[in-house]
Amino acid sequence: MPKQDPVPLPYGSLQYYQVHYVLKSGSKENGSFLAKCEPVTKGHFGGKRVVGVKWTGADDKFAGVLQADDKLTEMLKEVMLRECEIRIDPLDEHIRIYGKWVHEDAFAFNQTMLEIADRIAGHIKIRLRALGDLP
Amino acid sequence: MEHTHHTSHADSHEKEQGHGDAEPTIIKRVVAHEKLAQEMKKSGIDCEALPYGSHQIEREETYYSHVFAMSPRLVTNKGLIKVAGKNIEFVQLLQRN
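Protein chains in written order, with numbering that gives the first Met the number 0: chain A, 0 to 134; chain B, 0 to 96.
Mixed in with the good hints there might be a few duds.
Unchecked claim - When the alpha-carbon atoms are kept at most 20 angstroms apart in a straight line, the in silico PhoX-like pairs for lysine-lysine are as follows:
1) A:124 to B:81
2) B:77 to A:124
3) A:70 to B:85
None of these hints come from the bench; they were simulated from the model.
All values derive from a computational prediction rather than experimental measurement.
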């Protein structure tokens with residue numbers, strides 16, 4: 000059995016990990032892609048379930064595109080109870096998509112989360128192409 | 000996060016711990032992002048774990064725009080994975096400080 004320090008240091012790395020899905024945008028005007036997804040739930044405790052998702056963003060048009068994607072909504076319903084919130088965070092020349100911090104005991108690769116990020120990235124790329132920022 | 004695998008292969012990253020007459024236990028240390036890349040490959044995703052700190056994205060000043068509330072200030076980059084054949088180009092693993 001591993002020895003646990005009874006008086007752990009109050010600083011340093013914590014046992015929490017986050018996976019960022021990154022796509023290059025090639026544009027510094029990414030602000031319109033800022034968005035977040037929150038679950039719409041019913042019930043409490045063990046009976047809590049996700050009945051829908053709500054996208055809010057800096058650009059209502061882009062949030063509307065994501066909200067209108069039924070397949071994306073279905074995939075999000077699967078993971079939102081665990082992820083709680085998914086954020087689209089635009090930075091200079093790249094955009095990050097990420098969920099919540101996960102403790103290392105529960106940390107594992109999530110295929111559905113990657114597919115969700117990939118689908119969101121697809122919508123971003125369509126929009127970037129329409130704006131002429133992506134070849 | 001260090002992951003250990005018991006394996007019969009031996010390379011430079013492996014250590015042998017002998018205990019008398021018992022079979023030696025070989026412990027292989029796998030870096031966090033390499034472990035994640037292995038799991039992704041098992042799921043059929045074409046990806047490759049990049050050497051630590053080799054890409055510009057890893058050397059950014061910050062990994063967050065800080066527009067969202069409660070965005071962490073102190074995080075540690077734990078590695079980057081290049082993904083092929085998808086709309087996303089990279090998967091980055093971060094550890095909270």
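| message | So if I understand the rule, the pair passes when the alpha-carbon distance is 20 angstroms or less; does residue 77 of chain B with residue 124 of chain A pass? | response | violated, 27 angstroms
| Does residue 70 of chain A pair with residue 85 of chain B here, judged by a C-alpha cut-off of 20 angstroms? | Since the Cα atoms of residue 70 of chain A and residue 85 of chain B sit roughly 17 angstroms apart, the hinted pair holds (cutoff 20 angstroms).
| field | Pairwise hint evaluation, residue 81 of chain B against residue 124 of chain A, where the allowed Cα distance is 20 angstroms at most | value | holds, 18 angstroms
Checked against the numbered hints given earlier, the structure breaks only hint 2 and satisfies all the rest.
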